[in-house]
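Chains as they are written, first to last, in this note's numbering: chain A, 1 to 235; chain B, 1001 to 1332; chain C, 2001 to 2256.
Worth flagging that the hints you see were computed from the coordinates, not collected in a lab. Hints may be right or wrong, so weigh each one.
As the list claims (entries may be wrong) - Keeping only pairs whose Cα atoms sit at most 30 Å apart, straight-line, the calculated DSS-like set for lysine-lysine is:
| # | chain 1 | residue 1 | chain 2 | residue 2 |
| --- | --- | --- | --- | --- |
| 1 | C | K2244 | A | K132 |
| 2 | A | K131 | C | K2010 |
| 3 | A | K132 | C | K2019 |
| 4 | B | K1103 | A | K17 |
| 5 | A | K150 | C | K2134 |
As the list claims (entries may be wrong) - In silico negatives: residues of chain B with every beta carbon more than 10 Å from chain A:
| # | residue |
| --- | --- |
| 6 | K1135 |
| 7 | I1170 |
| 8 | D1232 |
| 9 | E1255 |
| 10 | R1291 |
Backbone N, C-alpha and C fix where the C-beta goes; we use that ideal spot for every residue, glycine too.
Read off the chains here:
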Amino acid sequence: MLANLPQLFPTPVDVLKALYDLLIAPGPAGLPWAGELWGNTIISLWRVLVGFAIAALSGILLGVAIGWWRNVRDLLEPIIEILRPIPPLAWIPLAMLWFGLGFTPAVFLIWLGAFFPILLNTVLGMESTPKKLVEVARTLGANSGQVLFKVGVPSAAPSIMAGLRIGIGIGWMCLVAAELTGSNSGLGYLIMYYYSTMEAAKTVAGMLMIGIVGFLMFTALKKVEDKLLFWRVQA
Amino acid sequence: MLPSMRKLAFLVFAFILIVPLFSGLSCAPATPEMVRIGYLLGDLHQLPFFVAQDRGFFKDGGINVQVVGPFDAGPAEMDALAANQLDMGYVGIAPSVLAAARKIDLSIISGVNLEGSALATEIGINSVTDLKSKKVATPAPGSIQYVMLGMLLSQNSMSFADLELFPGTIKPPDMPQSLQTGRISGYFVWEPFVAKSLAGGYGKALIESREIWPGHPCCVVVTRNDFALNNDKVVTAVINAHRKAVQFIGNNPAEARSIAQKWTRLDADVIDSAFTRVKYTYALSKDDVKRFVREIISLGESGTIKPIITAGDVPDLDAFVNKVVDLQYIQR
Amino acid sequence: MSTAKLIIEKISKSFSEKKSGKVTHALQDFNLEVGAGEFVVLVGPSGCGKTTLLKIVAGLETATSGSVFLDHKQVSGPGPERGLVFQDFALFPWRDVTGNIVFGPEVLKVPLPERLKMAERYIGLVGLGGSERKYPAELSGGMKQRVAIARALSNNPDVLLMDEPFGSLDAQTRNLMQNELLRIWGEDRKAIIFVTHSVEEAVYLADRVVVMTAGPGTIKNIYPIGLSYPRHRADHGFISLREKITACIAEEVKII
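Generate the whole structure from the sequences, applying the supplied hints.
Laid out in structure tokens, this is it:
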């Protein structure tokens, strides 16, 4: 096994060189100018952002409804509790069957990963709306709709933001699995490609890129959260 | 570098270093008379392995085979070999040559089959040029079908850039269905997954691999050099069993067919159709291997495919092939 | 026909526990009239139902029987004519001081320029000038309560309901806020129903002090406080009233 060491252990120098090679190599179809590394990063980022945006919209809307109205919750809770434990990976064959190749099945899988944390945190946030705040609002003359949007939703905002942060993390992690189902571009695909051609340094370079971009997205979202939720009491 | 980013970089590198270490250490060295052999998913080319296993040819030779796999594609199998999870393997010639070019210490010691792959397409496709801008699937990059598609395109003055290629992200068993549902217009893969589309009536075999290069080598048997060094008797016994199996297939087609059905889970008529395209063998030609490496290098240089092996990887091709191909076992 | 602003008539309230079916009688036949601009303080032993009564007047709870009338119209559900101030302030943490105070006019669709003018007025009234842009997390307890009071006043309610509003403040701030409340009430005279545990606070603030019985709560005794404002806690008249009321409550505690 020791004879195979060079193959299994790319050195940091090898990885840096691989990163450089990937930066200057021509980009994927549609983005040839962007270079192989950036081009595929942009493609993956776009998929994750679209999947995440849909998850945020659907998760928050559904979460507000379920968290606020009991009969909505009673109706939808069983379905959600059944679907939630199914890992996104298990949906892969269905994703390919329904959505074919490329962009759509990848976005679907990313949506699946991000949706549930966003939904559940939104529900939690809405359910935790302090009763006193609702009472005060009502004594000030607010109707039900106003109580929902001017008290419930702002009160749930910290929880919703936490859900979004978790959701984008999971969505990004689903990326590699998502791109292994009928993609031919993106960072996940790039890793698979160089794993297959046994270019370990480039594989690791791709992994590194995934880690870095994920970290940056997460940090960016945290900054947005801190800006929006500055009014929180520092515990 | 921000402190948090430095921490991240450290974690990533630590992870990279530690994981292969564990994968290597977790495998016990093969005990005498025991050998771990890998194979490819549903690959009809590797029928001699299935036959030898089911007919007890390995046992007759006094060896105990631990079947490892199936692997989705050659590169993954070679990775397992390099990480000491396998001792020997039935694999495509391209991944084995690729692994050798990456300095993995292995030898190719026997042929398994010739030909036996094809480009399956929609009924409406009449020539390779009809595939321009269409979606075509192959097994993982670096596989023999991937390279042969490159050769075919080159023969038609095309390159991978003219197609929308999906290498490695559609599993071979899923390829017929993808063709049927119109997701892809063609795929180049090993039997019996070509025959499946034909049998289903929604595909045709546009070009067979033997039309691209008649008598081309396809699957081979490889062994880790350190294993062969210490287990000469075992390796010999494996090749002997393999030889017996090849002869058996020739003499007992019906029996062979039912073993094929068991390991690939396909219908009899599909397998029969596939049989017409596969030639089983134990022979191996150094010249053929040389030609293969030359093809991969030149396809990369001409821009037909993305470079996989470059001239720089094998500065002395003759020496490389002489080192990698070891004919002693089939000559015994 | 009585000319009182707020009439609480024969209010009874019982709670029945869902699981055990046990019934608790919180209030029994409670009757009280409050005049416009009158400062009434409710005191009583723990569990006498004073908070429940306040909630019923606010419309956040429904009485089991009896009614509440404001200007001779029956009250049902909460509304802007009855402002409410909680002990724990219940400010909207995501809104600044101005944002909290304009909430009432905002939901009643008062146009923006008027809302802001109103907010300015009440901020001045409660003495929070300069803190318009501060957020609740940045305010002290006393300041928070001023915001709560201003917010409750912003819809110009007929009655202000206050549930132990100074209970979570330290002694100094508490005294300060009592004086502030009296000053505000002096400038903007509304009917106030104020609930407290502190007899001293009751005597300091009230026109009348209503002592409730132990649960099921009803009126045990009403003490008009004839002292003129500002009152002095060391005053002989003050101390004697305080002692009388304290003794009255103590009787109820013994009975429990």
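Quickly compare the C-alpha distance for A/K131 and C/K2010 to 30 Å and report which way the hint goes.
holds (28 Å)
Take a quick look at whether A/K132 and C/K2019 sit within 30 Å of each other, Cα to Cα.
Cα-Cα ~25 Å, so holds.
Taking only the CA atoms, is the gap from A/K150 to C/K2134 under or equal to 30 Å?
OK: A/K150 and C/K2134 at ~19 Å, within 30 Å.
Chain A versus B/I1170 - minimum CB to CB distance exceeding 10 Å, so not interface
violated (6 Å)
Restraint check for B/K1103 with A/K17, where alpha carbons must lie at most 30 Å apart:
holds (19 Å)
Given as non-interface: B/R1291, partner chain A, CB spacing beyond 10 Å
Per Cβ check, B/R1291 is outside 10 Å of chain A; nearest 20 Å; holds.
Would you check whether the claim that B/D1232 is not at the interface survives, using Cβ distances to chain A and the 10 Å cut-off?
The claim stands: B/D1232 keeps its Cβ more than 10 Å from every Cβ of chain A (closest is about 18 Å).
Is B/E1255 truly not at the interface, in the sense that its beta carbon sits beyond 10 Å from all beta carbons of chain A?
B/E1255 is indeed farther than 10 Å from all Cβ atoms of chain A, at 34 Å.
With a cut-off of 30 Å on the C-alpha distance, tell me whether C/K2244 and A/K132 pass.
violated (35 Å)
Would B/K1135 pass as off the interface with chain A, using Cβ distances and a cut of 10 Å?
The assertion about B/K1135 is violated, with a minimum of 7 Å to chain A.
Hints 1, 6, 7 from the list above are not met by this structure, while the remaining hints are.
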